[in-house]
Amino acid sequence: MMRKSAAMVILLLIVCSSLLSAETRSVPVDFFILLDVSLSMEGAPIREAREFTAQNVIGALVEPGDWVCLVKFWGEHEVVWQEAIGSQTDKARLIRSLATVQADGRFTDIGLALDLIDTILLERGQPERPKYVLLITDEIQEARPGTPYYAEDHVLRHHMLDYVRRIDRGLYRVITVGHPQRQAIEDSARYLYDLLSNPPSRPVSLLPGAPTGTTLTGVIDPLTGQPTIAAYGETETATSAETASGMARKPASLAILLFILLPLLLLVLIVWLVLRLRKNRPVAKRKTKEESSEL
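Residue numbers (this note's numbering): 10 to 304.
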């Protein structure tokens with residue numbers, strides 16, 4: 010009986026621990042967040058963009074062990090944060106840094122900001138870590154006259170715009186920029202992949218600056234390793250982003266629930282074992298007395 014009870018306890022512990030780890034991402038990720046702070050983003054757009062970044066990206070997706078580079082850009086650019094996330098305290102510091110960002114810059118040079126990220130990506134190295142580049146902007150490209158990305162037609166052409174995933178948030182867009190250093194992440198972190206780098210399946214609209222004639226680009230799915238088709242740009246509704254971020258929060262809710270239930274289940278098992286032992290003990294004594302009287 011004792012062996013069976015112990016086996017039940019061990020089995021329960023194994024099942025609970027596997028459930029806790031089933032939705033945990035074990036592969037650290039490098040996040041590169043580009044936030045447009047030009048005057049066209051002033052007011053509601055920058056407030057909503059900061060809130061989205063804090064809640065749906067940093068709060069829901071970034072974990073201890075990840076590395077984050079936050080860049081604000083206008084006609085120029087400035088690195089707001091470039092540091093590893095070692096704890097929840099670091100995440101809080103990152104969000105506080107994000108909260109100080111204001112939209113007060115002249116001009117909008119997305120190409121210059123992408124150049125900076127390209128340089129940081131190469132300096133960062135560590136190709137085994139997945140890289141995710143998020144561009145948050147109203148897509149109004151207005152580079153300073155005389156600079157490399159200035160164009161009278163306000164069209165941006167940049168080599169990092171190979172393919173993108175575009176989520177329309179109304180006042181601004183959240184754009185996942187393609188980069189050759191994208192790597193596979195585990196199936197247990199599929200919610201992260203779905204939000205940030207799920208290749209779109211059809212062309213809907215091109216990001217301003219798409220090379221002439223660009224339609225579809227072949228991409229290798231980093232999860233399956235199989236060829237897939239990715240559109241240059243795809244527009245999604247805000248509901249899609251909210252659904253994806255909700256998926257990201259489910260693992261945390263499950264973990265909290267299991268952490269609450271596990272001690273209760275163990276307590277019930279302990280009480281059950283104690284009751285079984287007390288029930289069996291008198292029987293053993295009676296048998297001993299009967300055997301001694303027969304002798």
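FYI, nobody ran anything at the bench for these hints, they're computed from the structure. We put the beta carbon where it would ideally sit given N, CA and C, even for glycine. You may find that some hints are simply not true.
Beta-carbon label-pair distances, calculated as ranges [to be verified]:
#1 R102 x R285: 50 to 60 Å
#2 A53 x A101: 51 to 61 Å
#3 V283 x E92: 47 to 57 Å
#4 P73 x V277: 42 to 52 Å
#5 E137 x V277: 13 to 23 Å
#6 Q64 x I149: 32 to 42 Å
#7 I279 x E87: 49 to 59 Å
#8 E85 x G52: 38 to 48 Å
#9 P154 x G74: 36 to 46 Å
#10 V88 x Q135: 11 to 21 Å
#11 V280 x E132: 57 to 67 Å
#12 I269 x S96: 44 to 54 Å
#13 E161 x P73: 42 to 52 Å
#14 Q91 x Y159: 19 to 29 Å
### Message
Quick check: does the Cβ-Cβ distance between V283 and E92 fall within 47 to 57 Å?
### Response
holds, 51 Å
### Message
Within 11 to 21 Å: is that where the Cβ-Cβ distance between V88 and Q135 falls?
### Response
The hint (11 to 21 Å, Cβ to Cβ) holds, given that V88 and Q135 are roughly 18 Å apart.
### Task
With 19 to 29 Å as the target window, see if Q91 and Y159 comply at their CB atoms.
holds, 27 Å
#### Entry: Assessment of proposed distance window 38 to 48 Å (beta carbons of E85, G52)
violated, 21 Å
### Query
Does the hinted range 49 to 59 Å hold for I279 and E87 at CB?
For I279 and E87 the Cβ distance comes to about 58 Å; the hint holds.
### Message
Given a hint of 36 to 46 Å, does the C-beta separation of P154 and G74 actually sit inside it?
### Response
holds, 44 Å
### Query
Taking 57 to 67 Å as the hint, is the beta-carbon distance of V280 and E132 inside that range?
Cβ of V280 to Cβ of E132: about 59 Å, so the range 57 to 67 Å holds.
### Task
Return holds or violated for the Cβ distance of Q64 and I149 against the range 32 to 42 Å.
violated, 24 Å
### Query
Does the Cβ distance between E161 and P73 fall inside 42 to 52 Å?
holds, 47 Å
#### Entry: Satisfaction of the hinted span 50 to 60 Å by the C-beta atoms belonging to R102 and R285
For R285 against R102, whose Cβ atoms are near 52 Å apart, the range 50 to 60 Å holds.
### Query
Do P73 and V277 keep their Cβ atoms within the hinted range of 42 to 52 Å?
Hint violated: Cβ distance 33 Å, outside 42 to 52 Å.
### Message
Quick check on a hinted range of 44 to 54 Å for I269 and S96, using CB atoms only.
### Response
violated, 23 Å
Going down the numbered hints, you'll see the structure goes against 2, 4, 5, 6, 8, 12, while the others check out.
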